[in-house]
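Participant: If you read the sequences in order, they're chains E and H.
For what it's worth, our numbering labels the leading residue of the first sequence as 1, then goes sequentially.
For what it's worth, our numbering labels the leading residue of the second sequence as 1001, then goes sequentially.
It is possible that some hints are incorrect.
[Unchecked claim] Per label pair, the in silico range of CB-to-CB distance: (1) H:Arg-1410 / E:Arg-222: 25 to 31 Å; (2) E:Ser-237 / H:Pro-1245: 24 to 30 Å; (3) E:Trp-7 / H:Gly-1470: 31 to 37 Å.
[Stated by the list, open to error] Sample of chain H residues lacking proximity to chain E, with all beta carbon distances greater than 12 Å (derived): (4) Ala-1094; (5) Pro-1150; (6) Asp-1181; (7) Glu-1182; (8) Thr-1243; (9) Lys-1263; (10) Glu-1317; (11) Gly-1321; (12) Val-1329; (13) Asp-1359; (14) Leu-1365; (15) Asp-1440; (16) Arg-1449; (17) Glu-1511.
[As the list claims (entries may be wrong)] Each computed DSSO-like pair below joins lysine-lysine, with the alpha-carbon atoms no more than 30 Å apart: (18) E:Lys-240 / H:Lys-1276; (19) H:Lys-1105 / H:Lys-1419; (20) H:Lys-1419 / E:Lys-240; (21) E:Lys-135 / H:Lys-1279; (22) H:Lys-1284 / E:Lys-248; (23) H:Lys-1105 / E:Lys-248; (24) H:Lys-1071 / E:Lys-6; (25) E:Lys-240 / H:Lys-1071; (26) H:Lys-1284 / E:Lys-240; (27) H:Lys-1415 / E:Lys-6; (28) E:Lys-135 / H:Lys-1284; (29) E:Lys-6 / H:Lys-1419.
Calculated from the structure, these hints are not laboratory results.
Yeah, the Cβ is synthetic: ideal placement off N, Cα and C, and Gly gets one too.
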Amino acid sequence: MDVMPKWAEVVLVPLISLLLAAIISALVILAIGEDPVAAVKLMVAGALGSTYGWGYTLYYATNFMFTGLAVAIAFHARLFNIGGEGQAMLGGLGVAFACLYIPWPHWTLALLGAALMAGLFGAIWAAIPAWLQVKRGSHIVITTIMFNFIAAALLNYMLVNIMRPKGQMDPASAKFPDATHLPTLHELLAPLGIEFSKAAPANVSFLVAIAACFGLWLLIWRTRLGYEIRAYGHSESAAKYAGISPFKITMITMIISGALAGLMATNNVMGEAERLVLNSTEGAGFIGIAVALMGRSHPVGVFIAAILFGFLYQGGAELALWTSIPRELIVVIQALVILFTGALDNMVRMPLERVFLAIRRSRRAGATD
Amino acid sequence: MTDDKTLERQATAAPTSAHAIELKGISKAFGPVQANKDISIRVMPGTIHGIIGENGAGKSTLMSILYGFYKADKGEIWINGSKKDIPDSQAAIAAGIGMVFQHFKLVENFTVLENIILGAEDGMMLRPSLAKARRTLVELAADYGLNVDPDALIQDIGVGMQQRVEILKALYRQADILILDEPTGVLTPAEADQLFRILGRLKSEGKTIILITHKLREIMEATDTVSVMRRGEMTATVKTSDTSPAELAELMVGRKVLLQVNKTPSTPGDVVLDVKNLKVIDDKGVERLRGIDLQVRAGEIVGIAGVAGNGQSELLEVLGGYEDGTGEVMLNGQPLDLTGRYSDGQSRRARGVAHVPEDRQREGLIMEYQAWENTAFGYHHDPAYRSGILMNNNAIREDTAEKMERFDVRPPNPKLAAKNFSGGNQQKIVLAREIERNPDLLLIGQPTRGVDIGAIEFIHQQIVALRDQGKAILLVSVELEEILALSDRIAVMFDGRIMGERLPDQTDEKELGLLMAGITDTDAPHDVAEVEANLAHVSGDPHKEV
């Protein structure tokens, strides 16, 4: 029997974890002689206080949604894909190929084509470690992380030696044609009469990310494939008994996972930079792990956690800009959030379970007396 | 032989120390589950006291409290007349309590001697401890007739011998009270008899023994008094000589139970399953099946008897499609693939093979899945469970609710996770899923392992009913009683081979027991040592969880 009611499991545990992370972060800020209350105010104002702030928060959140979903689907098959970073880089390469070398008549078609290429490239990058795991026994945690480095080196080579326009010093591709320009939230909301900041990078791929959340929910909980993936994740021996092929599930899951991570490139490469640069992923592949952990591998959880991390990213940038709190401290705060919501989950869960147990017991005693 | 000594001990003991163990009002709850409710029990020194009850009745919890694994919410423990606080197993050992677990806690690549001193070494250096242990071991062997080779590696000796090492471990720690948890689960009948002889000897030497079991026969054979537990409560404590198996069963379940399976003679039809020279080689290159020949006809139950780990699991796995094999297997006259694309659970089900696996928690069910998800398990490609590309969850739930009602699954809630059902009800969920598919051949492994008596009766009836519909059934069980009660024909497996086939009314446990130990010459006289020596040579791991 489950000890805690579902709402406590889903809402209370992450909330308390977050609170603990916030308290320790506040202590750290105090320790370097700054005012934590002012810092929080600044973060909230900077990330959520204006459409400009929201534009950045949602832009980051879009990245994290894609990578978070990528990690989440792999978790359901009990696979730990920490190669989201490399898969997203490859996705960027796919987007660049699609945008630079195919003349698109309209952004909708360009988005479709770029998304296909991004997904394909990311999927291939995840499929190789998956194949190595099932056929050669190389552990996927090791191979996916190594593939991140290979991806970075590959991207470096492509940008410096092949894709860089002649005469350009910067290791980056040429700017994508105007036809591939994705509408920003400003452009999307203007016809509805809503004023949204022109400068913010949030764009239509935010809607793609939301669609991906819904699609993944449908896949995991409503299709036979999702049923098989979850079954395999819970018990490999039972999956074998039922005739669910470990090879098939591992490959398909990692292909979907890699494709989702690759799709992130529609946001950062196509939607924001509009050209391929080095380190365009900015660590979003790793943040995806934290997002999936905090979101309990559920698409709704991933959505909320991605927004939270988007807020931390944007708020942290504001903090670094306007106070003498150094940028490194922002990383500390993010790390604390990851630590508490991901790694130290049981620290909050177990005492909470005890509390619920005690409540239930006293209630029962009251009923019988 | 024992009475004089027992009486003498009781007479000399101080009036307050009349009981070796006295538990007073022990209660323990796990969350909302009350595992032990106000349990009081008194065990006289120098007796064998049985504790019997269905799975989940609270036997193991009670003993874990006595051994210091759990702390009781309420109640007192008195050992030899003084109140003890037992917070951990160290304290239990200090109080003279030893425990022999169902699954042995031995280091496979250590010798007997090394295992015995493990955790009870005298100092930094190993040698003096070993020397001392060797001397003690010789004394113990002489006192209790517990002969083992101190320098043999655990992995080289048989299960019966390993159990003896566990008993010696407890005695080495000067245990006066021995608790044995389901000790005969992995033993052949001959080894079990030997164990009971050892227990008798220990009793005659003044040790107190608590025997936890779910087998009525063992209680009747070995114990002096017996306590019956039901749903966390102690329902009765009686002298064994004053009771009967039927009465104990009724006390355990709370209603009258049919101990015999009612079935008519079988009327076998055509051969459904025809196995010829079936071999399986495992990942380590060990040959697990060494050429099995077997036939199962429509309308008969063929039982496979054998000690766990002699290839029965592999037989079910290869027939169920998830272990590769070589040889020739025909189903209804058509060959079955033993390797490759069409050798998996899906293909088998499509051919009319249903499979209730030996380990429902590892294979038969996804414990985190709800009952309805488990009802679709393996059959999730059924068009009836589908609407377009999505699963038709409502259809599955309705189907599950019907199946749960027909198989009397309690509680009949399709949305409850499998892990929250009792063992018997979990098994009913698996059975309902497999039997309701109307298969030609049912493979069924350990149908009643970890299942309470009430549910056993129901499960046996279902198996017989399926047979009476003219289906072929291959039954694997380590419970000889079950094999004898259900089978129309019995094949005995030993070391990956079938040692022989017998008809249940023309054989007995003794003959089957010898076959189970690989001895085919069942008329000649044999002793336990020979049986043990034979079993020790089985290449398989006897502790393999099946």
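Participant: Against this structure, judge whether each hint is valid.
Facilitator: Structure-based check of each hint:
{"no.": "1", "hint": "H:Arg-1410 / E:Arg-222: 25 to 31 Å", "in the structure": "holds (29 Å)"}
{"no.": "2", "hint": "E:Ser-237 / H:Pro-1245: 24 to 30 Å", "in the structure": "violated (36 Å)"}
{"no.": "3", "hint": "E:Trp-7 / H:Gly-1470: 31 to 37 Å", "in the structure": "violated (52 Å)"}
{"no.": "4", "hint": "Ala-1094", "in the structure": "holds (30 Å)"}
{"no.": "5", "hint": "Pro-1150", "in the structure": "holds (38 Å)"}
{"no.": "6", "hint": "Asp-1181", "in the structure": "holds (25 Å)"}
{"no.": "7", "hint": "Glu-1182", "in the structure": "holds (23 Å)"}
{"no.": "8", "hint": "Thr-1243", "in the structure": "holds (33 Å)"}
{"no.": "9", "hint": "Lys-1263", "in the structure": "holds (28 Å)"}
{"no.": "10", "hint": "Glu-1317", "in the structure": "violated (8 Å)"}
{"no.": "11", "hint": "Gly-1321", "in the structure": "violated (7 Å)"}
{"no.": "12", "hint": "Val-1329", "in the structure": "holds (17 Å)"}
{"no.": "13", "hint": "Asp-1359", "in the structure": "violated (8 Å)"}
{"no.": "14", "hint": "Leu-1365", "in the structure": "violated (7 Å)"}
{"no.": "15", "hint": "Asp-1440", "in the structure": "holds (17 Å)"}
{"no.": "16", "hint": "Arg-1449", "in the structure": "holds (16 Å)"}
{"no.": "17", "hint": "Glu-1511", "in the structure": "holds (34 Å)"}
{"no.": "18", "hint": "E:Lys-240 / H:Lys-1276", "in the structure": "holds (24 Å)"}
{"no.": "19", "hint": "H:Lys-1105 / H:Lys-1419", "in the structure": "holds (26 Å)"}
{"no.": "20", "hint": "H:Lys-1419 / E:Lys-240", "in the structure": "holds (19 Å)"}
{"no.": "21", "hint": "E:Lys-135 / H:Lys-1279", "in the structure": "holds (24 Å)"}
{"no.": "22", "hint": "H:Lys-1284 / E:Lys-248", "in the structure": "holds (24 Å)"}
{"no.": "23", "hint": "H:Lys-1105 / E:Lys-248", "in the structure": "violated (38 Å)"}
{"no.": "24", "hint": "H:Lys-1071 / E:Lys-6", "in the structure": "holds (29 Å)"}
{"no.": "25", "hint": "E:Lys-240 / H:Lys-1071", "in the structure": "violated (39 Å)"}
{"no.": "26", "hint": "H:Lys-1284 / E:Lys-240", "in the structure": "holds (19 Å)"}
{"no.": "27", "hint": "H:Lys-1415 / E:Lys-6", "in the structure": "holds (14 Å)"}
{"no.": "28", "hint": "E:Lys-135 / H:Lys-1284", "in the structure": "holds (17 Å)"}
{"no.": "29", "hint": "E:Lys-6 / H:Lys-1419", "in the structure": "holds (17 Å)"}
Violated hints, in rising order: 2, 3, 10, 11, 13, 14, 23, 25; the structure is consistent with all others.
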